[in-house]
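Trainee: Here are the chains, one letter per residue:
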Amino acid sequence: DAGITQSPRHKVTETGTPVTLRCHQTENHRYMYWYRQDPGHGLRLIHYSYGVKDTDKGEVSDGYSVSRSKTEDFLLTLESATSSQTSVYFCAIRDSRGQPQHFGDGTRLSIL
Amino acid sequence: QQQVKQSPQSLIVQKGGISIINCAYENTAFDYFPWYQQFPGKGPALLIAIRPDVSEKKEGRFTISFNKSAKQFSLHIMDSQPGDSATYFCAASPEETSGSRLTFGEGTQLTVNP
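Residue numbers (the working numbering), protein chains in the order written: chain A, 64 to 175; chain B, 124 to 237.
No wet-lab data here; the hints were simulated from the structure. Some hints here could point you the wrong way.
[Claimed, not checked] Within a straight-line C-alpha distance of at most 30 Å, the following computed DSSO-like cross-link-like pairs (lysine-lysine) qualify: (1) B/191 to B/128; (2) B/194 to A/120; (3) B/165 to A/116; (4) B/165 to B/181; (5) B/128 to B/138; (6) A/116 to A/74; (7) B/191 to B/180; (8) B/180 to B/165; (9) B/138 to B/165; (10) B/165 to A/120; (11) B/128 to B/181; (12) B/191 to B/181; (13) B/128 to B/165; (14) A/120 to B/191; (15) A/74 to A/120; (16) B/138 to B/181; (17) B/128 to A/120; (18) B/181 to B/194; (19) B/165 to A/133; (20) B/180 to B/194; (21) B/191 to A/74.
Source: prediction; values computed, not measured.
With the sequences and hints as input, model every part of the structure.
Mentor: Structure representation (structure tokens):
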């Protein structure tokens, strides 16, 4: 398995609270991605990073922010969580062009 | 909008049968087409991938067929086994641009009965 650790694996929180999810990699890969998975939608890209402090938006970025201060860590923050952000969140990493993305095992987030 | 359409949503196959999942895409800039397999509680894992310079790629029991003119590609699982029961996702990306952002299909839940 690719060296990807997502934390926490499960979280329940209330609407309006801030939430930060962490993705940690031990592969020293350049690219990191955050996706959310919802029934009927597959996986949808939230944000991605192509290097330290270099990030860009995906197709469902509203309500989310990211930071990457070190190669190994990519943080996803929900500044004020809403019930529509209840989902399973996956982090992925990729080494370079021509290489596939490898996924972590996800964080199940429930916002009540 | 969904740029990659996947069908069927669910599929039930008998052991030893052939499972076929289809995907269609719209963006002609896509040039990398992977399939991912996902088991409950786990992240998607790369199964097989194809680039548009070939029309078919086979790895063991898994084959991707690719039709560039129709903008369609499909996954065939030969001699399907109960252990193949999982959710399968097709995806596509413009590999050399936009950080190789993957666009996923909606997923197909495959059940292989013993």
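Trainee: Decide, hint by hint, whether the structure agrees.
Mentor: So, going through the hints one by one against the coordinates:
A C-alpha spacing of about 15 Å is found between residue 191 of chain B and residue 128 of chain B, which places the hinted pair at or below 30 Å, so the restraint holds. Pair hint residue 194 of chain B plus residue 120 of chain A holds up; C-alpha atoms about 26 Å apart against a cutoff of 30 Å. With a C-alpha separation of about 28 Å, the suggested pair residue 165 of chain B and residue 116 of chain A falls inside the 30 Å cut-off, and the hint holds. A distance of roughly 25 Å separates the Cα atoms of residue 165 of chain B and residue 181 of chain B; the hinted pair therefore holds under the 30 Å criterion.
Restraint check: the Cα-Cα separation between residue 128 of chain B and residue 138 of chain B comes to about 27 Å, which is no more than 30 Å; the hinted pair holds. For the proposed pair residue 116 of chain A and residue 74 of chain A, the alpha carbon gap of about 26 Å is at most 30 Å, so the pair holds. Between residue 191 of chain B and residue 180 of chain B, the direct Cα distance comes to roughly 14 Å. Compliance with the 30 Å bound is thereby established for this hinted pair. Distance check on the hinted pair: residue 180 of chain B and residue 165 of chain B sit about 26 Å apart at the alpha-carbon level, within 30 Å; holds.
Under the criterion of a C-alpha separation no larger than 30 Å, the hint pairing residue 138 of chain B with residue 165 of chain B is consistent with the structure, at around 24 Å. Proposed proximity of residue 165 of chain B and residue 120 of chain A is supported: the alpha carbons are some 25 Å apart, at most 30 Å. For the hint linking residue 128 of chain B to residue 181 of chain B, the alpha-carbon distance of about 22 Å falls within 30 Å, and the restraint holds. Taking the CA atoms of residue 191 of chain B and residue 181 of chain B, the gap is near 17 Å; set against the 30 Å cutoff, the hint holds.
Proximity of residue 128 of chain B to residue 165 of chain B is assessed by CA-CA distance (about 23 Å); at most 30 Å being required, the pair is judged to hold. Taken as a hint, the residue 120 of chain A and residue 191 of chain B pair is honoured in the structure, with Cα atoms around 28 Å apart against an allowance of 30 Å. The straight-line distance between the Cα atoms of residue 74 of chain A and residue 120 of chain A is roughly 24 Å, inside the 30 Å bound, and the hint therefore holds. A C-alpha spacing of about 20 Å is found between residue 138 of chain B and residue 181 of chain B, which places the hinted pair at or below 30 Å, so the restraint holds.
The suggested pairing of residue 128 of chain B with residue 120 of chain A holds, with an alpha-carbon distance near 22 Å, which does not exceed 30 Å. Using a Cα cut-off of 30 Å, the hinted pair residue 181 of chain B and residue 194 of chain B holds, with the two alpha carbons roughly 19 Å apart. With a C-alpha separation of about 26 Å, the suggested pairing of residue 165 of chain B with residue 133 of chain A holds against the 30 Å cut-off. Taking the CA atoms of residue 180 of chain B and residue 194 of chain B, the gap is near 16 Å; set against the 30 Å cutoff, the hint holds.
With a CA separation close to 43 Å, the supplied pair residue 191 of chain B and residue 74 of chain A exceeds the 30 Å bound.
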